[in-house]
Amino acid sequence: NAGVTQTPKFRVLKTGQSMTLLCAQDMNHEYMYWYRQDPGMGLRLIHYSVGEGTTAKGEVPDGYNVSRLKKQNFLLGLESAAPSQTSVYFCASSPNGAGRNTEAFFGQGTRLTVV
Amino acid sequence: LAKTTQPISMDSYEGQEVNITCSHNNIATNDYITWYQQFPSQGPRFIIQGYKTKVTNEVASLFIPADRKSSTLSLPRVSLSDTAVYYCLVGPLNRDDKIIFGKGTRLHILP
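From first to last, the protein sequence lines stand for chains A and B.
FYI, my numbering numbers position 48 of the first sequence as 48, with every residue one higher than the one before it.
Count along the second sequence from 1, then add 1000; that gives the number in my numbering.
Okay, chain B solo, but in the shape it has when bound (with noise of 0.2 Å):
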């Protein structure tokens, strides 16, 4: 399984574009890169996942560069509402059923 490695925790403000980066140096050629957000006391929920380039949806933007060994969570004009803890996975296709989790950042929005 690729590893990967993200800040412990950021700041940010209301009305702010919040990026959040992983760094998955060992990724394979077959993994995908996803992206799950905890509120407190709840269950994680999926928010966005990639192969290489952009992906965009409702919620967030996903870039990942040619090397694909980092990619970019982008949240566009957070509200306090978007403080959680946000997880980057890098999940190998075919070769092991688990979904691994790893600390996440803590993203905390002020007022």
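This is chain A alone, in the form it adopts within the complex (with noise of 0.2 Å):
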């Protein structure tokens, strides 16, 4: 059972360039999360997912943009790269929404570096 997997698990890119992060998850969850971690930090919510279709601001979702065409994946794209995007990114994804019986699974996170 892969679970929530993240792909790319490492890229560089130079200021400007853009790319996409892929999460894709297994578990027919409804809910999907992206999440930045910058150094001795916690998670910061960037942009969110409550089904197929869907999507919606976080704590910082400038810079980013996502899509959910699909329900088992959630796309993080970063137009224009800029080295205050270095950071690791996380997806999550979950049965339900913030709450009870909320588990949310996370993939192994994608490090990202902005030159």
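If you are wondering where the hints come from, they were derived from the structure by calculation, not from laboratory data.
Treat the hints loosely; a few may be bogus.
Footprint (simulated), chain B over chain A, 3 or more residues, beta carbon under 8 Å [as the list claims (entries may be wrong)]:
1. 37 to 45
2. 50 to 61
3. 104 to 114
Taking CB as the label site, the calculated pair distances span [as the list claims (entries may be wrong)]:
4. B:V1059 / A:M27: 13 to 23 Å
5. A:P61 / B:N1019: 31 to 41 Å
6. A:M41 / B:D1011: 29 to 39 Å
7. B:T1053 / A:Q17: 46 to 56 Å
To give a feel for the contact side, a few chain A residues facing chain B, derived at Cβ under 8 Å [said to hold, decoys possible]:
8. Y31
9. Y33
10. F90
11. S94
Every residue, glycine too, gets a C-beta built ideally from N, C-alpha and C.
Quick one: dock chain against chain with the hints and give me the complex.
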């Protein structure tokens, strides 16, 4: 059982380049989330989705776009990468939103460096 | 969303019981309390969740007093492998679908 898979695991971008991070889950979860984590910090929510075809902004959405065309996939896009977007990105999925019986499952992370 | 406050860091020794307390003074009636564990270079992992009194599983216990304004994660007989960051989350039920993390508590287990 793969759970939540993130692609790629590592990437180096030049300032101004674009890229897409892919998150795939095989648990048929409705909810999916993208977070970033900077050194010594907690996770900050970028965008999330409550179901196929829906997206919503989190705490730090600027500079990122997302799409949820298929239930199992949640894509995070950087249109014009900036050094401030150097971070580790985590994707998560959950059968429910925040609250009772919520157990979010996380991927292994994508380490992104923007130079 | 109910805000949580945890100690930034804690140290303990192998074999000891570790208690990490989280304050959530403005917890709402429908809010549940959830704890996650994160090892270096890994995504967080669910540990335990509760609403009131005490919850226990194979990994930890969660103690919640009657007023629910705080909660304590208890890790029995810790080992070096319990060195991690522990996050306390308070989740609203059916009001908001966001899962918001704070800065967590960095637990360091010493030999």
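When the hints from earlier in the document are held up against this structure, which numbers fail? 6
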